[in-house]
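**Q** Numbering (our numbering), first residue to last: 625 to 690.
Careful, some of the hints might be misleading.
[Claimed, not checked] Restraint ranges, calculated between C-beta atoms of paired labels, are given here: (1) G689 / E638: 32 to 42 Å; (2) M625 / A652: 15 to 25 Å; (3) A688 / E638: 28 to 38 Å.
Hints in this document: simulated from the structure, not taken from any laboratory. In this text, a Cβ means the ideal position worked out from N, Cα and C, and glycines have one as well.
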Amino acid sequence: MTITANGQSHEAPEGQSLTAFIETLGLAPERVVVERNREALTQAEAKETQLADGDVLEIVRIVAGG
Numbered sequence: 625m626t627i628t629a630n631g632q633s634h635e636a637p638e639g640q641s642l643t644a645f646i647e648t649l650g651l652a653p654e655r656v657v658v659e660r661n662r663e664a665l666t667q668a669e670a671k672e673t674q675l676a677d678g679d680v681l682e683i684v685r686i687v688a689g690g
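Generate the whole structure from the sequences, applying the supplied hints.
**A** Given below as structure tokens:
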């Protein structure tokens with residue numbers, strides 16, 4: 625299935641979880657905020673989300689500093 629993440633197309637296996645997809649991008653799921661199809665997800669929702677063909681994701685890294 626095809627997933628668009630931050631404007632780039634990615635192929636993912638059917639039924640892949642959002643968490644697993646984020647990990648394939650080299651990111652730590654607990655350190656990102658995700659919008660799926662224009663809807664922001666909480667961390668709990670993100671952990672339970674299964675991707676579907678055509679999903680559009682915006683993934684933003686959480687950065688702390690001072």
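**Q** Between M625 and A652, is the Cβ distance one that fits in 15 to 25 Å?
**A** holds, 23 Å
**Q** Can the suggested window of 28 to 38 Å be confirmed for the beta-carbon pair A688 and E638?
**A** Check passed, 36 Å falls within 28 to 38 Å.
**Q** So the hint says 32 to 42 Å: do the beta-carbon atoms of G689 and E638 match that?
**A** Taking Cβ atoms as reference, G689 and E638 lie about 39 Å apart, which means the hint holds.
Going down the numbered hints, you'll see the structure goes against none, and every one checks out.
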